[in-house]
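Chemist: The lines below spell out each chain.
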Amino acid sequence: MKKGWLKKGALVVGVLMAIFFSLVPFLLFVSSAFKTQTQVTAIPPQLWPSFDIDFFRSAIVRYDILGYLVNSIVVAGSTTLVTILLGTLAGYALARLPRPWAHFSLMLILACAMFPQIAIVGPVWQLLRWLGWLNTYQGLVLPYVALTLPLTVWILALFFREMPEELEAAALVDGCSRIEALVKVIVPLSAPGLFTAAILTFIYAWNEFFLALLIVTDPARQTMPVGIALFQGEHTVPWGEIAAASLITTAPLVVLVLLFQQRIVTGLSAGAIKG
Amino acid sequence: MIPKDRKLYLALLAPTLLVLLVFIVAPITQSIISSFHRIIIGLPQLNSPFIGLENYQELFHDSVARHSFWVTLLFVSTTTFFELLLGLLLALLIHHRFPGRGSLRACVLIPWAIPTVVSAQMWRFLFNDAYGMINYAIFGHGVAHYIPWLAKPGTALFAIILADIWKTSSFAALLILAGLQIIPEELYQAAKVDGASMWRRFWHVTWPLIRPAILVALLFRTIDAFRVFDLAFVMTQGGPADATNVLQLYGYKKMFVEGWMGYGSTISVSVFVIVLVLAVVYVRMVGRRLLEASL
Numbered sequence: 001m002k003k004g005w006l007k008k009g010a011l012v013v014g015v016l017m018a019i020f021f022s023l024v025p026f027l028l029f030v031s032s033a034f035k036t037q038t039q040v041t042a043i044p045p046q047l048w049p050s051f052d053i054d055f056f057r058s059a060i061v062r063y064d065i066l067g068y069l070v071n072s073i074v075v076a077g078s079t080t081l082v083t084i085l086l087g088t089l090a091g092y093a094l095a096r097l098p099r100p101w102a103h104f105s106l107m108l109i110l111a112c113a114m115f116p117q118i119a120i121v122g123p124v125w126q127l128l129r130w131l132g133w134l135n136t137y138q139g140l141v142l143p144y145v146a147l148t149l150p151l152t153v154w155i156l157a158l159f160f161r162e163m164p165e166e167l168e169a170a171a172l173v174d175g176c177s178r179i180e181a182l183v184k185v186i187v188p189l190s191a192p193g194l195f196t197a198a199i200l201t202f203i204y205a206w207n208e209f210f211l212a213l214l215i216v217t218d219p220a221r222q223t224m225p226v227g228i229a230l231f232q233g234e235h236t237v238p239w240g241e242i243a244a245a246s247l248i249t250t251a252p253l254v255v256l257v258l259l260f261q262q263r264i265v266t267g268l269s270a271g272a273i274k275g
Numbered sequence: 276m277i278p279k280d281r282k283l284y285l286a287l288l289a290p291t292l293l294v295l296l297v298f299i300v301a302p303i304t305q306s307i308i309s310s311f312h313r314i315i316i317g318l319p320q321l322n323s324p325f326i327g328l329e330n331y332q333e334l335f336h337d338s339v340a341r342h343s344f345w346v347t348l349l350f351v352s353t354t355t356f357f358e359l360l361l362g363l364l365l366a367l368l369i370h371h372r373f374p375g376r377g378s379l380r381a382c383v384l385i386p387w388a389i390p391t392v393v394s395a396q397m398w399r400f401l402f403n404d405a406y407g408m409i410n411y412a413i414f415g416h417g418v419a420h421y422i423p424w425l426a427k428p429g430t431a432l433f434a435i436i437l438a439d440i441w442k443t444s445s446f447a448a449l450l451i452l453a454g455l456q457i458i459p460e461e462l463y464q465a466a467k468v469d470g471a472s473m474w475r476r477f478w479h480v481t482w483p484l485i486r487p488a489i490l491v492a493l494l495f496r497t498i499d500a501f502r503v504f505d506l507a508f509v510m511t512q513g514g515p516a517d518a519t520n521v522l523q524l525y526g527y528k529k530m531f532v533e534g535w536m537g538y539g540s541t542i543s544v545s546v547f548v549i550v551l552v553l554a555v556v557y558v559r560m561v562g563r564r565l566l567e568a569s570l
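If you're matching them up, the sequences are chains F and U in order.
Numbering-wise, our numbering puts 144 at position 144 of the first sequence, and it's gapless, one number per residue.
Positions in the second sequence are counted from 1; adding 275 to them yields our numbering.
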């Protein structure tokens, strides 16, 4: 009896510590968005915001945060669409290829995900400059597609492997072509896997900073992370506006995590789960 | 039966392979070639002559690069160690069955989902020398004792290490959780019947079975930690006195701020080689079994 209480106590302490560790630093920061200028730089710091929204107004009017937001939506959205399309085709091929071939190709594709971005960024920048694609959406989307494809192909290949071949065979007997069978039978049945891969790709493209900083130098085309990193005030750091922009950028991700926690957990652990 | 149509499979794979070829394989090859040339972005009239190993010799004698290497190594080893440790504890916690476990998992995932740039600005704010919450939490009203965390070499590196641990421990936790989930419940029941204490059950049942998952987490975390850039760029710009000048940031500065494309490529090829060697070592330890089990 006594032991049970001890265990429960330890669990509660652990849970509270995990929640504190995960949420409190972030809440302390974004609460600045709802403070006034004097509150943000008050010494000692003030915990409770006055729920002013001036910083949001200023972030939108003076710093054009909505422009950055639109760019982020276009870039992350297109990256997700293209990656899922290409990843579905490649993942299906890998799931149906004879094993030695599938192993070999998957190893090659996964190896591409291991490289440090610094090792590709110089030549990618020069290629995009030559194409005239610096400061364009496609100039950012294509490298993102390359960087997110390996994990997507991996997740989808594992998922398609689990699909019973009989269903597909039946569709072929009914006169479907291979592509029709893929689109009409496999894809709808694999919606959960596709969805998981789409969420992970979207989050990657939404958060990416290094390439975005180099490829897009025109503020009219920059994404949210670049905007947040390069925020400049006239004399002081505009903490309130940075916090407001951070909250706007992070809110969709928090919603995704709250709604699809389970899918993200399975997707990220796809590699480790069968080890 | 589904016919084995090799041509169709190749056609389906082609777009993916093409994108990877153009944006990953070719650029890496080009980086390796560039590292043997003198290429200066602002001076195209120099025609980027071949200079053999000169860039590598220069790198070897570049004291900033050597310092940058040690800083990166310290960052990688410290963050990976604490992320795996915290990740293991978090994984054990969120593996436990209790009401509200789903919400806890979502909570724990939030730092992972936040853009690194946002978390960098967040820690920069919390570490502020005057109105930062961390000084307040430690020294209260004793303003005279407040530490300018990001302006002193030792504490600045500590700050970006802490920021990284905060952000990525939950990712390590998820990978380890995947390992925990495949341990059959019966093993624990059997150990309990044999009278094994909780501690013994951890060491003799859990630990040996999650070791592969921990190695996978180690692999992913080490490789990823070598790419650290965003945190240093936003929080410290590599300073003070190069204390947080990690390799990717140094390579970026050489290539894009100073325009030394050739020499910068030498730095990036070196990072690439370090990561490659590590990956080969790790994959030797776990990789083959992992791949064969999964496909």
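Treat the hints as calculated values from the structure; they're not laboratory data.
As the structure is a prediction and not an experimental result, all values here were calculated from the model.
Some clues are possibly wrong.
A short, non-exhaustive set of chain U residues, derived as facing chain F with CB atoms under 10 Å [unchecked claim]:
| # | residue |
| --- | --- |
| 1 | ILE308 |
| 2 | PHE311 |
| 3 | ILE315 |
| 4 | MET530 |
Pairs of lysine-lysine residues, derived as PhoX-like cross-links and limited to a Cα-Cα distance of at most 25 Å, are as follows [stated by the list, open to error]:
| # | chain 1 | residue 1 | chain 2 | residue 2 |
| --- | --- | --- | --- | --- |
| 5 | F | LYS184 | U | LYS528 |
| 6 | F | LYS8 | U | LYS528 |
| 7 | F | LYS7 | U | LYS467 |
| 8 | U | LYS427 | U | LYS528 |
| 9 | F | LYS184 | U | LYS467 |
We put the CB at the ideal spot given by N, CA and C, even for glycine.
Chemist: Each of the hints needs a verdict: does it hold here or not?
Modeler: Structure-based check of each hint:
1. A hinted interface residue such as ILE308(U) counts as satisfied when its beta carbon comes closer than 10 Å to some beta carbon of chain F; here the least separation is about 9 Å, so the hint holds.
2. Residue-level restraint check for PHE311(U) is violated (minimum Cβ-Cβ distance to chain F is 14 Å; threshold 10 Å).
3. Proximity of ILE315(U) to chain F is violated relative to the hint, the smallest CB-CB distance being about 12 Å (cut-off 10 Å).
4. With a least beta-carbon distance of about 5 Å to chain F, the hint placing MET530(U) at the interface is held under the 10 Å criterion.
5. Using a Cα cut-off of 25 Å, the hinted pair LYS184(F) and LYS528(U) is violated, with the two alpha carbons roughly 50 Å apart.
6. This hinted pair does not check out: LYS8(F) and LYS528(U) have alpha carbons roughly 52 Å apart, beyond 25 Å.
7. Among the hinted pairs, LYS7(F) with LYS467(U) is consistent with the structure: their alpha-carbon atoms are about 16 Å apart, no more than 25 Å.
8. At roughly 21 Å between alpha-carbon atoms, LYS427(U) and LYS528(U) fall within 25 Å of each other, so this suggested pair holds.
9. Taking the CA atoms of LYS184(F) and LYS467(U), the gap is near 50 Å; set against the 25 Å cutoff, the hint is violated.
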